[in-house]
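Residue numbers (full-length UniProt numbering), protein chains in the order written: chain V, 1 to 1147; chain W, 1 to 204.
Heads up, some of the hints might be wrong.
Unchecked claim - Here are the simulated lysine to aspartate or glutamate pairs, EDC-like style, with alpha carbons at most 16 angstroms apart: (1) K579/V to D6/W; (2) K277/V to D225/V; (3) K54/W to E600/V; (4) K53/W to D225/V; (5) K579/V to D64/W; (6) K51/W to E600/V; (7) K53/W to D64/W; (8) K54/W to D64/W; (9) K579/V to E173/W.
What the hints contain is simulated information worked out from the structure, not anything from laboratory work.
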Amino acid sequence: MPNSALWAVDLFGKVHTLSTAGQYWELCKDSQLEFKRVSAATQCCWGIACDNQVYVYVCASDVPIRRREEAYENQRWNPVGGFCEKLLPSDRWQWSDVSGLQHRPLDGVALPSPHWVWESDWYVDENFGGEPTEKGGWTYAIDFPATYTRDKKWNSCVRRRRWIRYRRYESRDAWAKIPSKDDPEQLPDPFNDLSVGGWEITDEPVGRLSVWAVSLQGKVWYREDVSHPNPEGSSWSLMDTPGEAVQISCGPHDLLWVTLWEGQALVREGINRNNPKGSSWSIVEPPTSENGIMHVSVGVSVVWAITKDRKVWFRRGINSHNPCGTSWIEMVGEMTMVNVGLNDQVWGIGCEDRAIYFRQGVTQSELSGKTWKAIVASRECDRSHSGSSSSLLSQACPRQRVFLPRRGHGPSDTDASSEAERPGPDRPGPAESGDSPGKPRDSLAPGSGTGRTTEPGEEEVAGPAIQTPGLEPCPGPASTLAELPWTNIDLKEPRRAPSHLAAGFPETTGLSSLGLLPLGLEEPYGADDHPLWAWVSGGDCAVEAHTVLKWFTVQSGLSPSMQTLSLSITPAQTAAWRKQIFQQLTERTKRELENFRHYEQAVEQSVWVKTGALQWWCDWKPHKWVDVRVALEQFTGLDGARDSILFIYYVVHEEKKVRGGSREKGTQGTGTQAPQVLAAQPSEDWGLNPLALLNLSCCESRRVHGRPSPQAIWSITCKGDIFVSEPSPNLEAPEHVLPCPQMFWRQMGGHLRVVEANGQGVVWGIGYDHTAWVYTGGGGCFQGLASSTSNIYTQSDVKCVYIYENQRWNPVTGKGLPTDRYMWSDASGLQERTKASTEPPSLQWSWVSSGPGPGPGPGSYHGYKTMKDFVRRRCWARKCKLVTSGPWLEVAPLALADVSIIPESPGANRSGHSIALWAISDKGDVLCRLGVSELNPAVSTLPHLPALGPFWGFWRILRKIELWTKVRLGSVSQLHPESDLALAAGDCWYHIPSPPKQRLKQVSVGQTSVYALDENGNLWYRQGVTPSYPQGSSWEHVSNNVRQVSVGPLDQVWVIANKVQGSHSLSRGTVCHRTGVQPREPKGKAGLGLRGHTGGWDHISVRANATRALRGRSQERAAECSGERGLPGAPSGVAGVPQEAPGLVRC
Amino acid sequence: MTDDKDVLRDVWFGRIPTCFTLYQDEITEREAEPYYLLLPRVSYLTLVTDKVKKHFQKVMRQEDISEIWFEYEGTPLKWHYPIGLLFDLLASSSALPWNITVHFKSFPEKDLLHCPSKDAIEAHFMSCVKEADALKHKSQVINEMQKKDHKQLWMGLQNDGEKKNQVMIHGIEPMLETPLQWLSEHLSYPDNFLHISIIPQPTD
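If we strip away everything but chain V, and leave its shape as in the complex, we get (with noise of 0.2 angstroms):
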């Protein structure tokens, strides 16, 4: 996720957060507090202040953190006065829990921390298993603990009900204190350090982490509870270890390292979803006897550690089968603390210089990476009041001034005693720090007299505190950081950095010196001071092995001979140079071409040809995939225009046949022939994606290229990649139906679940992992074979990859027994599919997980065991991520279920108007955000709706909504899983109950028509609405085997349908278009009237198409395609259904 950012806590306890698609270091919003560690997750990060305490800080999102609070009030019957609230002695409490085993009176009920507000008052749930009780919520039994029902019957001897009460979590973006109520016996101790992780161990509940913290003592704490719905989690529980422990780290997944004071690690073990807090404990011997290892950082298969000596190392052989590893590694560099975040990127800050370090190279397949690098971004604030350049050339080369400050709480506050003695808080920070210079460092080392004492190297350092005199720090006013009384130790840089510096810049060491002294003169060096840093966190901070950082390239602003300086850490993407050569090209292309274009090729033309392997739909016998050659000749014509023609060279009766097609001027090259249906997995010869290739060539002969226009049609296939198509003026033409086929869908870069546009230009997309993406205007394709490449920006995605375990029920041993499937399959069970040998989706997605871990629920499988089952599976999970471009900015942070936006009402009035748009988040809260534009399309708010009333409770799991445009704006329909669909008048919501026997899961409502998907794939039409009634009166049933609809601005209906009948099979993902929808006959023509495209689809998106067809004769045609037949029910399962192809394109 691009919006990931590094946090990191500067000597004097200030936390900074660099984004990664920033430059600068941000001071963290909530800067009160001094801190001396943090630990980043996603949308969150812990720290221990300086008052030793645990701090949470969450990030602000839109989607707020809201947790219900329950409780059920009890009535027994009594012959004399019905329901009352006397209860016979042995009944529970008249308010009590679920269970009725705990008294729990509505005031009783108090908020677990002063970070929550109550949302509302108590209030009874109407609603009963999806169902209104209209009875004030009472559900009735023969006695207390049974089972409840909905009506009163003649036995109903007790009634409960249940009020429901919502608090809403209120610190965000905002430090808030782990409140500390436990029982003063059990209470903590002063925390020492803290790791945050386990964020990949299960999905269950959203959100959940594993909070790890070290106290003082050396005791070893767990936070119970922590998930994103519960951020400050519920109390500590304490961890037995075999000795005392000083430092801890909590990997992603099932890693977890404590240091011991002896300087061994401990390594948990036994950690998975089932028991994220693991059974054991081992011990790891630090790489040598006499340097102990001080600090650990454990990643999803890595783990770095720090020993006495500075030295850093790295820990061979860890896997998830064995968390301890095997040996060490030393690696370069001498650093007080490493931190491994995600993707097992590491960071470092500097042993001198105290620099961050940025480990570069890391990669899946080297876990170790390559080099350090260090970040040279500075501060923002620095920047506001020192932009000169010393202060550039400061960073230019960070590893030329190097200082220690005499007092600090920096790496060595493993010294437990020293940090004891620290003053809370309040402490006059720079007033304290002014009598300290004097105060030996070695006073400041622990006296506990375990080994952590001086170490040798410090000593050295320590000791020559000669300090140049340009150098000295002008204690004067000229700012804050200037206070502090620094020790120069550049003395010992010259042992190492010489040989390094001038081999590489011989003729700039004069240079270099030039930037220590004369300019140090200039100005104090307080001011342009390059950020000391004690400890950094990356687990927010998404790295990936190829993203483009600019952490550390220096400013412009210097002189091209000061910029060759930074030659070495420029990155290639964004650096100058490149630049000019891409602009230089251009400009050479233009001069040199321009005006003779009429001139004679010295060659006759200049060809390509590329040739790959593809496979090919054969749509004669026997009708599956065979494997065809193709070459792909992209030829510049006389003009300078590219053409292509694409050769597929294929056997039909053992006889060798060549078929190519060319696409000129957007003509159809391949007249009346079927349509090709090609699909590739991804080669080497043919770049990434072969298919891309194609599709470009495609646009290029037909002059797509570009931003699609507001009305286009957009749609998302089983992959998700995106797609899009212009609309004909008469695509919704009754009389003038196009074959679906014969549309042109070009690809776009990116990859989403859902997309969603509005005839205006506002484009908005959900990515598999909920991620809101909005789209940026580029017209662009791919990387490397763009064509616009403005706009296009890195796209992430992650999803998961289940396999099944199937066992039979064995009656003697209890199980074991193979069943008739695999014994590892997919999820239909008919195709193998082991741990081992189940790959990502494609060569695109990576694992992110080293191993698949059970599991959710069993899918149609029940959770629990009964009489009659002799089968039973279990569902393995494991996560792949996706790394693409395309043209997509992340709505940051915002996970969405689903999104809809106002479609253009023709005839509307566009000035002035403000389009709303409105989101389901994750969690089932209903979003609008308002006041999106094209040019603006995400709007910097996305408030959540006020409190919607009694059906709130529904909503935690609602998956589409859409909006009623009739209604005035500001009304949403949307639906619930049990069934009902709920549609609202500006605050009023309406009930609506579902088609019989069904659960609605999507809505889409057009101009005036309404229609509604449930679970089994029926299409239902509301019958009934009208401006005034916008409820409706009934459902009527269209059609079946549909997967996903959308209703247009003009009422047009298109679907993703299933098991259409293609020319001799059965495909799934059809695109299908509904024709004959008429003004006065709003559901189109009888049964199906549907032209399909080839299978391969998953979402489809056409309420941008507000273009009307030119009137023409209004005669009506009936469907050719399926007439009368509707789609036919074929029995379920997926047998004879053609493998999905791994990629479809659309000449």
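Using the hints, position chain W against chain V.
Chain W alone, transformed into the frame defined by chain V:
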């Protein structure tokens, strides 16, 4: 984000508009019209001038025709250098199209290699590729070059004593901090050499 591979496209599709005129002293039967052509930058003169040859041979007598050679402002053009390199080196500052004079007589033996057939070009090209390959993969040259050498090389390119030089590759002037490795990967000619033209600038 532009991809580096786009550079290759520009490199391969670079064309130089050229005007071929017959040398005034060549004997012709009737007046020879100039011939205009777009020459691929990455190709070789004798490989792409079949048309030029035919065009001028039409107006000449058979006995006056011997091996064709080209010259620009008095300098014979070495066919074994890529066209783009020749242009950058000799004519980058002059106006387009590039005026090349065609000769059929008095072959400058001292300056040019003979080019008897296309096979000769191919042989030469292959030997270039092999040479480049040997240099690259024995890795001695580049590996032994330290960063300072790269830099000195660049600095040396820029300043040749008192004189100022213009450094040109494929008709463009990359900034001096461009990494050589990148240049070599992206701006090499098909013979696998990175041909850099260093053009002394007239001092004012």
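Structure-based check of all given hints:
1. Of the pairs offered as hints, the one joining K579/V and D6/W holds, with about 12 angstroms between alpha carbons and a cut-off of 16 angstroms not exceeded.
2. For the suggested pair K277/V and D225/V, the alpha carbons sit about 11 angstroms apart, so the restraint of at most 16 angstroms is met.
3. For the hint linking K54/W to E600/V, the alpha-carbon distance of about 14 angstroms falls within 16 angstroms, and the restraint holds.
4. Of the pairs offered as hints, the one joining K53/W and D225/V is violated, with about 85 angstroms between alpha carbons and a cut-off of 16 angstroms exceeded.
5. Note on K579/V and D64/W: the hinted pairing is violated, with a Cα-Cα distance of about 51 angstroms set against a maximum of 16 angstroms.
6. For a cut-off of 16 angstroms, the pair hint linking K51/W to E600/V stands: about 10 angstroms separates their Cα positions.
7. Pair hint K53/W plus D64/W holds up; C-alpha atoms about 13 angstroms apart against a cutoff of 16 angstroms.
8. As the CA atoms of K54/W and D64/W are separated by approximately 14 angstroms, the hinted pair is consistent with the 16 angstroms bound.
9. Between K579/V and E173/W, the direct Cα distance comes to roughly 12 angstroms. Compliance with the 16 angstroms bound is thereby established for this hinted pair.
Consistency with the previously given hints fails for numbers 4, 5, ordered from lowest to highest.
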